[in-house]
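Produce the complete structure using the sequences and hints provided.
Chains as they are written, first to last, in our numbering: chain X, 1 to 335; chain C, 1001 to 1235; chain E, 2001 to 2288.
FYI, nobody ran anything at the bench for these hints, they're computed from the structure.
The C-beta atom is built at its ideal place from N, Cα and C for all residues, glycine as well.
You may find that some hints are simply not true.
[Unchecked claim] Chain C regions said to be covered by chain E (calculated; three or more residues, Cβ under 8 Å): (1) 1056-1066; (2) 1077-1091; (3) 1095-1102.
[As the list claims (entries may be wrong)] Just a few of them, taken from the derived set where beta-carbon distance is under 10 Å, the chain E residues facing chain C: (4) Ala2164; (5) Arg2167; (6) Ser2168; (7) Ala2171; (8) Ser2173; (9) Arg2177; (10) Ala2179; (11) Leu2181; (12) Asn2185; (13) Asn2186; (14) His2188.
Spelled out from the first residue to the last, the chains are:
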Amino acid sequence: MTASVTRATRTSTIGVVVVAIALVALALGPYWAGRDGMRLLIEAYTYLVLASLWNLLAGYAGLVSVGQQAFVGLGGYVLFALATLAGVPPLLCIPLAGIIAAIVAIPVAAITFRLRGAYFAIGSWVVAEVFRLGFSQVAALGGGSGTSLPAAIVQGMAANRTAREHLVYWVALGLMVAILGLIVALLRSRYGLALTALRDNEVAARSNGVDVERTKLVVFIFAAACTAMAGSLIFLQKLRITPDAGFSVNDWTALVIFITVIGGIGRFEGPFVGVVVFFLLRETLSDLGSIYLMILGAIAILIMLKAPRGLWGFLAERTDAQVLPLQRRVVARGK
Amino acid sequence: MPEAALLEVEALDAHYGDFQALFGVSLSVGAGQVAAVIGANGAGKSTLLNSISGLIRSKANAIRFRGEPIGTLSAFRVLARGIAMVPEGRRLFPSLTVEENLIIGGQFKRPGPWTLKRVYEVFPILEERRHQASTSLSGGQQQMVAIGRALMSNPALLLCDEISLGLAPIVVRDIYAHLRGIVAGGTAAVIVEQDIGQALAIANTVTCMQEGRVALQGRAGEVTRADIQAAYFGV
Amino acid sequence: MNWVNTILQGVLVGGLYAMFAAGLSLIFGVMKLVNIAHGDLIVLAAYVALIVTDGLGLNPIASLLVVVPVMAVIGYCLQRGLLNRTMGDDILPPLLVTFGLSVILQNGLLELFSADSRRLQAGALETASLQLADGLSLGVLPLIQFGLAVAIIAGLHWMFYHTALGRSFRAVSDDPRVAQLMGLNNRHVFALAMALSLAIVAVAGVFLAVRTNFDPATGPARLIFGFEAVIIGGLSSLWGTLLGGILLGVVQAAGAELDPGWQVLAGHVAFLAVLAFRPQGLLSRASR
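Take a look at the structure:
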């Protein structure tokens, strides 16, 4: 009898096939979804990205940030600044926003990492507030009332409105696939093993030679860069940004946290489930306004108390399912 | 013995998650009696004490005190019934002074002889150091505080978890001399030890544990050293 | 004279921030809980005060007699009914549950009271002031508020080191497992700490409501100010929270003096600077 380590299970093999089929269908979205459908899908993609990144931070690296809106807004503002003030093509601004956010994330981490656990959460929030108030002071970007992307720049992106919308849709889809792909790659790399160890037991991980600080820093910078790219895309679609919208704790952190908690923290699949539940709830309850948000908050609290691994964790515990082959497991092979 | 038993543990199981730490452990302690529980590291001795004290919940009837089931009670309710613990490693409250540590032990004060004054009579050194931080004391003095703290509630049963651990032999002898006096005053005790000699000298009954099970049980005078060694080392 | 005035006003506001901080610091000290809904509970207290002053015709100071016990009871029930279930080694449950609570409170208040700005009227007390020198006067209300802040910190300090309750708080904070073995019901002790925290929150909420306009969305900023005061002053130091609150108030006042848009920003920058250069806070654990 021999043993080997594998990640694949039967459900994960089926999962890969299903994911491939779904991707083809989504790529053809502009031909079946319609204008509103495409807008909804873009929103779903961006929330999936934001939730997956927050999940990586909080669920794996133990960095419970309540300040990721700092990087959403930063990404948006970099897009508007580069496009309107420097004439950079909007789509090129997206990767540039990622690079700039990664650079900005270094000093942010240097300061906020001095706070532990829950205090890190509030510290990250303060940083986001500094960004919001800081950008409110920049007159060239409209100060507190924000700025719009000039029509000439918008029209320069594609031949007509339909073509532009298709282009933004595909960029959004491409960005989502790329970022989720990077997360998968990260979780399967040596950092992934360190992160899983970290998630399960930080003290044990530390004593087993995992460089905890370095791993956390890498994850934080990676999440900042990707969050900023998602932010650029969000505001490229909205064509308008204000400090309050860009750095909104409710839109870019509260909802993202609820999605992740409901779907399942510390599970790659969690945010997928969470996004589906979130959009279903929103489409049925959004008429209720603020009551809808109270319901969402209450569901998140309930899940945190009763099923802390979220809906996906709840299902997976009972069925041992995983969609993507991410978990390493030891398999005994009889001879 | 059945009617007289103060504490009865019967077919007690204990689990940490999926790991089972105790398998059907039974033990009985009469009023004013001393039961020694010995065994190697990981034999389940501390788990047994944590179950009795209520830190680990059990089935109600698995632990009875004065005939009443206490297996499901929280630790603070178990204390109120008259079972106090001297935890492993002393575990004094570092931000409390010596006297505050003692007072906090007496917050559920059952009627009985133990008061702050009495504790200071038994351990005069503690009165001298009453306003010092508990962390500034020597190991032996800290153990005195831990014992005094447990006595402050006037327990009918004292649970002592490895009270000789980390102490010099001469200090251990001193601590056990005090313990003998306390037991003579009518307090029953369950003494968990790895150090067999001290425990056997004071005990009425001996229970040897091995891998979560009782390997040997009997009256102190009737169990021979050879039996204990055989049970202890599992040969 | 203008700057002296600015600094004095900043000091007085700092008392309010110290109140925000004291409640936060108390529950962190006793049970390592960081309550993200702290700011929203301050705003809730302000609305409770609004109902009491409108309904009973009391002035805001007198309304404390009702608001403080109401908030303390809410605190006790909140801890026993909800937050005790989140206590443990994992920091995620308490953090996310209080975050959810924050969103629920904000939206609940929005539903009940709309997004309109409100303010408590304190009548003649509001404009009363002491003339210290030409062009330099201190409001009576801010002085009362500052005095209360100092009294609360001093009272907490005394309670912690000289009462049975304080002893229980310290014991539970040191070692919750052993505290149970000594007959302390941790759940009850935690709930008492939260009740006390929200009693302080009640005082802070009433004075906040007299000082400035408030609406359902103003909670998070109060949480952040309280948190900044805690960190600037030094974790686990009660007098540090007073110092932190005062410094934050002064820096904000100075920022506002330079440019109204810099008031809050200046406070944040001061906080980040402390974090960068003296992360243990100005008064560290050793001096508590």
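Right, here's what the structure says about each hint:
1. Judged by the Cβ-Cβ criterion of 8 Å, the stretch 1056-1066 of chain C is not covered by chain E as claimed, because only 0 of its residues qualify and three are needed.
2. Coverage of the stretch 1077-1091 of chain C by chain E holds [criterion: at least 3 residues with CB-CB distance below 8 Å; count 6].
3. Counting residues of the stretch 1095-1102 of chain C whose beta carbon lies closer than 8 Å to any beta carbon of chain E gives 3, which meets the minimum of three for the stated coverage.
4. Annotation: Ala2164 of chain E was flagged as interfacial toward chain C, and the flag holds, the nearest CB pair being 8 Å apart, inside 10 Å.
5. Among the interface hints, the one on Arg2167 of chain E holds; its C-beta lies about 5 Å from the nearest C-beta in chain C, closer than the 10 Å criterion.
6. The beta carbon of Ser2168 of chain E comes within 7 Å of a beta carbon in chain C, closer than 10 Å, and the hint placing it at the interface holds.
7. Interface hint at Ala2171 of chain E: satisfied, since its Cβ lies 5 Å from the closest Cβ of chain C, which is below the 10 Å cut-off.
8. At about 7 Å, the closest approach between the beta carbon of Ser2173 of chain E and any beta carbon in chain C falls short of 10 Å, and the interface hint on this residue holds.
9. The restraint placing Arg2177 of chain E at the interface with chain C holds, with a minimum CB-CB distance near 6 Å, inside the 10 Å limit.
10. The criterion of a C-beta within 10 Å of any C-beta in chain C is met by Ala2179 of chain E, whose closest approach is roughly 8 Å, and the hint holds.
11. Given the 10 Å rule on beta carbons, the hint for Leu2181 of chain E holds: about 5 Å separates it from the nearest Cβ of chain C.
12. Below 10 Å, beta-carbon pairs count as interface contacts, and Asn2185 of chain E has one with chain C at about 5 Å; its hint therefore holds.
13. Checking Asn2186 of chain E against chain C: minimum C-beta separation of about 8 Å stays under 10 Å; hint holds.
14. Interface hint status for His2188 of chain E: upheld, as the beta-carbon distance to the closest one in chain C is roughly 9 Å, under 10 Å.
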